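Listed below are the residues making up each chain.
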Amino acid sequence: MPPNGSNSAAAVWAILRKECRSEWRTRYGLNAALLFAVTTLTGVSFAVGRLPDRADLLAALLWVVLLFAALASLSHAFVREVEGHTLTLLRLVASPTAIALGKLLFNLLFLAVLEAVTVPLFLVLMGGPSVHWGPFLLILGLGSLALAASTTLVGAVVSQTRGRGALFAAVSLPLLMVVLAAGVSGLRAQWDGNPVTTEARLLAAYAAVVLGASVLLYDHLWED
Amino acid sequence: MIPRLLLFLWIAAALLGGFLWAPLVPALGGSTRVLYFHIPSAWITALALGWSMLHSVLYLRTRRLGHDDHAAAAAELGVLFCIVATVSGSLWARVQWGSYWNWDPRETTIFFLLLVYGAYLALRSAIEGEEKRARLAAVYSVIAFVTVPFLIFVVPRLYATLHPSPILPQRGEGRAMDPRIRICFLAMLVGFTALFFWILSLKVRLVRSERRALSESATQS
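Residue numbers (this note's numbering), protein chains in the order written: chain Y, 1 to 224; chain X, 1 to 221.
The hints are simulated quantities; they were obtained by calculation from the structure and are not laboratory data. Any given hint could turn out to be false.
Stated by the list, open to error - Per the computed footprint, the stretches of chain X lying under chain Y, defined by three or more beta-carbons under 8 Å from a beta-carbon of chain Y, are:
hint, segment
1, 112-118
2, 121-130
3, 140-149
To be verified - Residues from chain X that keep clear of chain Y, each with C-beta distances beyond 10 Å, as calculated:
hint, residue
4, G30
5, W43
6, L60
7, S99
8, R135
9, L136
10, L189
11, V190
12, A194
13, E210
14, R212
15, A213
16, L214
17, S221
Stated by the list, open to error - Only some residues are given here: those of chain Y computed to face chain X with a beta carbon under 10 Å:
hint, residue
18, Q160
19, T161
20, S214
21, L216
22, L217
Computed from a predicted structure; not experimentally measured. Built from N, CA and C at the ideal position, the CB exists for glycine as well.
Bound-form chain Y, shown alone (with noise of 0.2 Å):
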């Protein structure tokens, strides 16, 4: 690991292959997240049913279900850091703008886990419109870039306190409806066969912005 203070690539680097690991040792967040979206899933096949020509709701059902198993599991990074006690430590040998891009690029790479198993079920199970892979994927990718930027900094914030899992969702919502609207906004347009360019650049400039003032703020996340 990098010397004290290194926000360089290579303690990002670290940092994300440090959380793999810890990760796939015990596998227990990524297993929660998906038996809830799974879950979540079928609770919502087996409501409604095949949707074969309604692209609104699938787009609406797809984000809900996806934001929930991801708020359900996104703050994970840094709770599981302050409940093992490992925070300090890893602050002794990383700065705080490394520790968070480090769980950023982790919780970026945890959503497309989740999305490669919900989303490909997802479609078999509510029988869509068939998809225009190009723009479905931009916006999926766009939707869970922003999705990530914001929870990782509300994650850390959520950390530090009382009850974490109840706030995190509640605290990170707020934040995320923008992303929820332009998701689905771009998801219905790109089944109805409209260009899905201004939602892709919404998405984009909001996980820009969030971005660009995380890693202004990251370093005021802990005391000195």
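Place chain X on chain Y using the hints.
Just chain X now, kept in the frame of chain Y:
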């Protein structure tokens, strides 16, 4: 004492003017008068959010708890005025649009602000220790503030597709307002702003004297 009395008289005069002297807009009828409460409250909601965020940034830069007192007090007042704006807007919508709530872009934005304020205060209540609470709340406040403008762009697009035609034309700001209505409205706007800063200063002073009393009792014991 005198400024408070003046503020009371100012708001009373503006209200009386609004109800007795200013005419009604023909298309709106009696519901015109909601304008004197609703728009000033919505303005204070936005002002309080900006004030809270400004002091959050100042806190992160200077680490002086006085800034955090301002940020917290402004957020609490923001909730109050946000509720007034939401409820008065909802009543107006019932009269004009026929339903209390229909996710009109403006309704969505104000509801979103209420969520942001609620989350901010919930977060504060869950953190122990003044410094830590101030620091983390400030971080959240800044990140929440930068996401607000996006809603203004995304929501109209989303809901325009759900509602292809507007239920009723919006009250256009471009349309000339009767000068008497404008005078009363602007007077209420000034009055509400003064009211906000007055209550804000009271809240901040209260928090400070509580802190002083606490530290004095701690040093005595």
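Verification of the supplied hints:
1. 112-118: Coverage by chain Y holds here, the residue count being 4 at a Cβ distance below 8 Å.
2. 121-130: holds (count 5)
3. 140-149: holds (count 6)
4. G30: Label holds. Min Cβ-Cβ 34 Å, cutoff 10 Å.
5. W43: holds (21 Å)
6. L60: violated (5 Å)
7. S99: holds (21 Å)
8. R135: For X/R135, whose nearest Cβ neighbour in chain Y is about 6 Å away, the distance does not exceed 10 Å, so it is violated.
9. L136: Nearest chain Y Cβ is 5 Å from X/L136, so the label is violated.
10. L189: Holds, because the least Cβ-Cβ distance between X/L189 and chain Y comes to about 27 Å, which exceeds 10 Å.
11. V190: Holds: least Cβ distance 30 Å, greater than 10 Å.
12. A194: holds (29 Å)
13. E210: For X/E210, whose nearest Cβ neighbour in chain Y is about 21 Å away, the distance exceeds 10 Å, so it holds.
14. R212: Per Cβ check, X/R212 is outside 10 Å of chain Y; nearest 24 Å; holds.
15. A213: The assertion about X/A213 holds, with a minimum of 25 Å to chain Y.
16. L214: holds (21 Å)
17. S221: For X/S221, whose nearest Cβ neighbour in chain Y is about 26 Å away, the distance exceeds 10 Å, so it holds.
18. Q160: holds (6 Å)
19. T161: holds (4 Å)
20. S214: Where the cut-off is 10 Å and the nearest Cβ of chain X is about 7 Å from Y/S214, the hint holds.
21. L216: holds (8 Å)
22. L217: holds (5 Å)
Hint check: violations occur at hints 6, 8 and 9; the rest are consistent with the structure.
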